[in-house]
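**Q** Residue numbers (the working numbering), protein chains in the order written: chain A, 1 to 217; chain B, 1 to 214; chain C, 1 to 256.
A hint or two may mislead.
Here are the in silico distance ranges between beta carbons for each label pair [what the hints assert, rightly or not]: (1) 48(B) / 176(A): 34 to 40 Å; (2) 11(B) / 130(A): 51 to 57 Å; (3) 181(B) / 48(A): 28 to 34 Å; (4) 82(A) / 104(B): 42 to 48 Å; (5) 108(B) / 55(C): 52 to 58 Å; (6) 51(B) / 208(C): 33 to 39 Å; (7) 209(B) / 135(C): 27 to 33 Å; (8) 14(C) / 113(A): 33 to 39 Å.
20 Å max Cα-Cα, derived DMTMM-like pairs, lysine to aspartate or glutamate [to be verified]: (9) 103(C) / 111(B); (10) 9(C) / 28(C); (11) 169(C) / 198(C); (12) 193(C) / 181(C); (13) 157(A) / 150(B); (14) 42(B) / 54(C); (15) 103(C) / 54(C); (16) 21(C) / 230(C); (17) 44(B) / 82(C); (18) 200(B) / 59(A); (19) 103(C) / 150(B); (20) 182(B) / 5(B); (21) 169(C) / 242(C); (22) 42(B) / 55(C); (23) 56(A) / 55(B); (24) 227(C) / 62(C); (25) 167(C) / 115(B); (26) 157(A) / 100(B); (27) 83(C) / 115(B); (28) 157(A) / 55(B); (29) 103(C) / 55(B); (30) 42(B) / 82(C); (31) 169(C) / 115(B).
The hints are simulated quantities; they were obtained by calculation from the structure and are not laboratory data. For every residue, glycine included, the Cβ atom is placed at its ideal position computed from N, Cα and C.
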Amino acid sequence: MWDWNFTISILPEILSALKITVLATVTSFFFALILGLILTMLSRVRIKSIAMITRKFIDFVRNTPLLVQLYFIFYVFPQYGVALEPFTAGVIGLGMHYSTYLSEVYRGGIEAIPEGQWEAAKALNFDRANTWTKIILPQAIPPIIPVLGNYLIVMFKETPLLSAITLVEILQTAKTIGANSFRYLEAFTIVGVLFLLLSYPSSRLIRSLELRLNKNR
Amino acid sequence: MSTLDLIYALLKGLEVTLVLTVLSMILGFVLAFVAGLGRLSKYKIVRTISAIYVEVIRGTSLLVQLFWIYFALPILGIRLPAMAAGILALGLNSGAYGSEIVRSSILSVPEGQNEAGIALNMTRFQRMWRIIMPQAFVMMLPGFGNLQIELLKGTALVSLITLADLTYQANVLNASTLETTKIFGILLIMYYLIAWPMTKGIRWLENRLTVGRY
Amino acid sequence: MKPMFSYKKVSKSYDELEVLKEVDLDIEQGEKVALIGPSGSGKTTFARLLMTLEEPTSGVIEVDGEPLWHEKKNGTLVKASEKHLRSMRGNIGMVFQHFHLFKHMTVLQNVMEAPVTVLGFSKDKAMELSKSMLDKVGLADKLEEYPANLSGGQKQRVAIARALVMKPKIMIFDEPTSALDPELVGEVLEVIKEIAKEGDMAMLLITHEMDFARDIADRVVFFDEGKIVEQGSPEKIFNQPETPRLQAFLDRFNSR
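The following block holds chain A by itself, in its conformation from the complex:
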């Protein structure tokens, strides 16, 4: 059944693929952080059509599968002469998908700011850019940091999907090992355990951060 010698022999290969997984997670997360904020801003602009289109876009991306979006990006772009590396396509797909979730998080943070803060900014004659960067965002961001952290973990756990567009991350590595040796059990179990080992403590950490944050308020 379970073969420890085999387990130990394949461990280094899977662990080295973890680098790609982590790199893809972090890059997509930063992309999502920025795109998410842009989407939030765009969905609040005064030009109604832009706000509407942004909200439709968010709704559409959220309600369709990430896997299909990845295929779309990976297979469609080359048709128009833009060949994307699996890593790039993956980061764009994963980042874009979760930017729509993050934009909701930002929105929640912004809406939690009392009306008086906007009025005070207006009374002090702040322009729009200054109101956002000096008054609103510095107050809106800190309370949502734990939620953003949770999405980092969620995105980490979604990276195996990038194997479907041929990115060789840990799941793909495990699958190749399995296919070559006809032993899937050890390889896939290692991958599962790795995810658990990395994500469970992180979510505990975020949970305690959240509790501390709530206590201080």
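Using the hints, position chains B and C against chain A.
**A** Same frame as chain A, now just chains B and C:
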């Protein structure tokens, strides 16, 4: 191929996607209640088992679970057809996330409701099913609504274990026709159209259950 | 005569904080006892122990001679099982400060719920009983309303009907008017007065309405810092308080 032909060809996978969604939704719903109530049990062993289930599933990844069930489990002597593996993986996943919704909704019913039940000499069971659960259920709906959408999106992953759902059909078509943009564009729209009535349905239920009461 | 309800050296602590300190009190059948005292003096905890919402740290509470929180097993007193508690709770009813009506049920359903599920009455019988009880508290025209659409005073009257329909031997009122707007206090006090007049149900009434306590209570008990400091007839307590602490408490009330 014309757009209409593409749509017809894709629709061959619709049944698999829908069956998968509905069956794993049912499994997930049952597991969500079992594990959600399990985490609030007065028996430590029940609490521990529920917590392990929830944390292991939430700590790993749906695709990894799917592959594990489909490729690794046979080595332990359990060979599941792709459909069963898909339902099991999606159901387990949805149940774990759903259990958190169940648990937090139950906990958010004010303690006074339970105390009023005690004062009327109701049993633990009666308090849970007659008083707490009906109120908690209304609070669960938005969460469950989101969960069903995540589940629907998750069904696309079964194409990777050779199950012929919508996404699988799109890949087949893509290989044979090279109408990539159209195929995946239509596919995205199809998923969106399936998700749409699901969101509306939950909202309708929520309104029905809350009107005039809260 | 043996008292119906009896607290014997009952204490209650939360971690370090001792909220009740070896309190003794007997309540006769049908007796109306008012508990007064500053907030945090232990009155509410005292009542919640009787409703079995909280467990005493030490001491014994007896209902009709039988221990509430304990049962005899092989001659020794052990902690009561849920089954024992259930067999005792039928004697006790409670009306809460914040009503705690079941939000997902109509007024009628709120009152009918326990007779059907707990006492096993038929729907028809429970409905008849509940309607007459709601009529008594003046809410016969609100049967199909949900609690969210009622005023605070109406809610509390439903809660009273809901507790009353179970025919307890004692009814606990935990500050039944404290959460109400001032103009709604009267209607609730009126209902409680009516019930008090009827007779053999005992009452344990926690209140800050001194005139009301004077009106309906057979005995007034003054709590302070987890102890009973003074007790007696309303006349004695309100007109000739003996202890300086009760005097100070009443002075503060009268000067308001």
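**Q** State for each hint whether it applies.
**A** Status of each hint after checking the structure:
Checked against the hint of 34 to 40 Å, the C-beta distance between residue 48(B) and residue 176(A) comes to roughly 36 Å, which is consistent with it. At roughly 53 Å, the beta-carbon separation of residue 11(B) and residue 130(A) lies within the given 51 to 57 Å, and the hint holds. Checked against the hint of 28 to 34 Å, the pair residue 181(B) and residue 48(A) passes, with Cβ atoms roughly 29 Å apart. Under the hint 42 to 48 Å, the C-beta atoms of residue 82(A) and residue 104(B), about 44 Å apart, fit the expected range.
For residue 108(B) and residue 55(C), the Cβ-Cβ distance of about 25 Å falls outside the hinted range of 52 to 58 Å, so the restraint is violated. Between residue 51(B) and residue 208(C) the beta carbons are some 45 Å apart, a value that contradicts the proposed interval 33 to 39 Å. Range check, residue 209(B) to residue 135(C): about 30 Å between beta-carbon atoms, so the 27 to 33 Å window is met. The hinted range of 33 to 39 Å is satisfied by residue 14(C) and residue 113(A), whose Cβ atoms lie roughly 37 Å apart.
Taking the CA atoms of residue 103(C) and residue 111(B), the gap is near 13 Å; set against the 20 Å cutoff, the hint holds. Taken as a hint, the residue 9(C) and residue 28(C) pair is honoured in the structure, with Cα atoms around 18 Å apart against an allowance of 20 Å. Restraint check for residue 169(C) and residue 198(C): satisfied, since their Cα atoms lie roughly 13 Å apart, inside the 20 Å limit. Between the alpha carbons of residue 193(C) and residue 181(C) the distance comes to roughly 19 Å, so the proposed pair stays at or under 20 Å and holds.
A C-alpha spacing of about 14 Å is found between residue 157(A) and residue 150(B), which places the hinted pair at or below 20 Å, so the restraint holds. For the given pair, residue 42(B) sits about 17 Å from residue 54(C) by alpha-carbon distance, which is consistent with the 20 Å threshold. Between residue 103(C) and residue 54(C) the alpha-carbon distance is near 24 Å, which puts this suggested pair outside the 20 Å criterion. Of the supplied pair hints, the one linking residue 21(C) and residue 230(C) holds, its CA atoms being roughly 14 Å apart against a limit of 20 Å.
Note on residue 44(B) and residue 82(C): the hinted pairing holds, with a Cα-Cα distance of about 18 Å set against a maximum of 20 Å. A distance of roughly 13 Å separates the Cα atoms of residue 200(B) and residue 59(A); the hinted pair therefore holds under the 20 Å criterion. For the given pair, residue 103(C) sits about 31 Å from residue 150(B) by alpha-carbon distance, which is inconsistent with the 20 Å threshold. For the hint linking residue 182(B) to residue 5(B), the alpha-carbon distance of about 11 Å falls within 20 Å, and the restraint holds.
For the hint linking residue 169(C) to residue 242(C), the alpha-carbon distance of about 32 Å lies beyond 20 Å, and the restraint is violated. For the hint linking residue 42(B) to residue 55(C), the alpha-carbon distance of about 17 Å falls within 20 Å, and the restraint holds. The hinted pair formed by residue 56(A) and residue 55(B) fails the criterion: a straight-line CA distance of about 34 Å is larger than 20 Å. About 19 Å separates the Cα atoms of residue 227(C) and residue 62(C), which keeps this hinted pair within 20 Å; it holds.
For the given pair, residue 167(C) sits about 18 Å from residue 115(B) by alpha-carbon distance, which is consistent with the 20 Å threshold. A hinted pair counts as satisfied when its Cα atoms are at most 20 Å apart, and residue 157(A) with residue 100(B) qualifies at roughly 18 Å. For a cut-off of 20 Å, the pair hint linking residue 83(C) to residue 115(B) stands: about 17 Å separates their Cα positions. Among the hinted pairs, residue 157(A) with residue 55(B) is consistent with the structure: their alpha-carbon atoms are about 13 Å apart, no more than 20 Å.
Between residue 103(C) and residue 55(B) the alpha-carbon distance is near 33 Å, which puts this suggested pair outside the 20 Å criterion. A distance of roughly 13 Å separates the Cα atoms of residue 42(B) and residue 82(C); the hinted pair therefore holds under the 20 Å criterion. Of the supplied pair hints, the one linking residue 169(C) and residue 115(B) holds, its CA atoms being roughly 19 Å apart against a limit of 20 Å.
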